[in-house]
Amino acid sequence: MNLDSTTKKIVINKSKNLYKWAKIFNRLQMRFFVGETKLRREKQIEDFVFLNRYTNVKLITDTDVFDKIKNTNTIVETMSAAGIVIITDQKFSRYPCPEIIKKINNTLEETKSLYLCLNKHYINIDNSYHDLSLDDNFNLAITQWLIKSLPHLNIVDLSLDLVDYGNYFTWAIPDRHYLITKK
Amino acid sequence: MSKILESFDQALIKDDLKTQYIRYRIGRLKHQYWLWNRKNKNTAYVDEYDYTILKNCQPGKTIFFGSAGYYLKDIWPEIEVIEMHPIVKTFYKDVYICTDRRKLSENIPFKCDNFAVVNNRADLWTELENITKYCQQYTSIMNEGCRFFYSFRETQVVGINRLIVDMEQHFLDWANSLEKINLKLIWHSIRFDKKVPNNLGEYDYNENPDTTNGNLKFMFVYKGEGEDWEVNI
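Chains as they are written, first to last, in the working numbering: chain A, 869 to 1051; chain B, 1106 to 1338.
Okay, chain A solo, but in the shape it has when bound:
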């Protein structure tokens, strides 16, 4: 390749994140489909809030989900005012493992219940945490890691045991769902 063969002025761009649809990703994906659609995971959480009569809900999200909850008068601004905190924000899954545990503890110091969605594709993002005693099944291993790291809390896994080949809308609502409460 003769890179000098072009007459254009070449500007080398530092490689950077070109993704720019994060805040509308759910709506964007749903528009691909014929007819009205809704994510099962989104409905699961909305129905969980409704059927368990939670009235003070703190949402921590990174994309356009939970319109049904937002359209009620149940939203609160602070964790301390919340009966339940719901986290679907992908950024939470991108902390190192010990920091995820620390943030769960911090949240449960302020509120009674946490509905936490983790994106398994980000867990142990920096490859700094390994525990060979965990199960070979990655889904189960995540649950085991949480239970082992948070023995003073109740942890209920509400997820499905699936292999994700990129077709489960995980970047709208992550795949691993946990109800975490104080003992």
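Straight-line C-alpha distance at most 20 Å; calculated SDA-like pairs for lysine to any residue:
{"hint": "1", "chain 1": "A", "residue 1": "K971", "chain 2": "B", "residue 2": "V1301"}
{"hint": "2", "chain 1": "B", "residue 1": "K1299", "chain 2": "A", "residue 2": "I969"}
{"hint": "3", "chain 1": "A", "residue 1": "K936", "chain 2": "A", "residue 2": "R908"}
{"hint": "4", "chain 1": "B", "residue 1": "K1160", "chain 2": "B", "residue 2": "E1183"}
{"hint": "5", "chain 1": "B", "residue 1": "K1166", "chain 2": "A", "residue 2": "N870"}
{"hint": "6", "chain 1": "A", "residue 1": "K876", "chain 2": "B", "residue 2": "E1183"}
{"hint": "7", "chain 1": "A", "residue 1": "K877", "chain 2": "B", "residue 2": "W1141"}
{"hint": "8", "chain 1": "B", "residue 1": "K1108", "chain 2": "A", "residue 2": "T1038"}
{"hint": "9", "chain 1": "B", "residue 1": "K1119", "chain 2": "A", "residue 2": "F901"}
{"hint": "10", "chain 1": "B", "residue 1": "K1208", "chain 2": "B", "residue 2": "Q1242"}
No lab work stands behind these hints: they were computed from the structure.
Starting from the known structure of chain A, arrange chain B on it as the hints suggest.
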């Protein structure tokens, strides 16, 4: 009443061009460069890693596969571009479409000396074993000594227990294992940057470096002459 979806295959996807284009677009970030450059006669923006690939190409045919290489072809017309998604042909004519890698040698009338695949979304969301198969299929249109540039993101590889497996070693072992298909590893960059707290004790929550090109970058040579070139980074 909305249809409740667990996965993409549970509802019909619109087949109009706009929908197809948006689906292609959000999965091919490098297309942004083509959008930036096409209206600029005098200046061309080039991604730093793409430029690194080009600096390391040897004389002969150069192919960019599934990597929005058409933005580079507008600058250096000798680059050959193969895309898997037929939608590309609707906005860029001078491109080969190959929807099935197994038919590369049937669809492409030449072999190449440099072959680049940069974070091709169609290669991902599968197990590493299948990525090996894809790499083998790419070799079907490589001349002996061809330089092979392959990069991707680790978050979209299926079947790795991230709490048990040392991913850095795992991907390096994988790259070295490609010698069995005559691809010898010459250079690699595997980035799982360790996160450390700032002076306030807070961690960054960014993804691993280079979501556009991938945090796993490898350069190989396909059998024969040309081994051990001095990589220019």
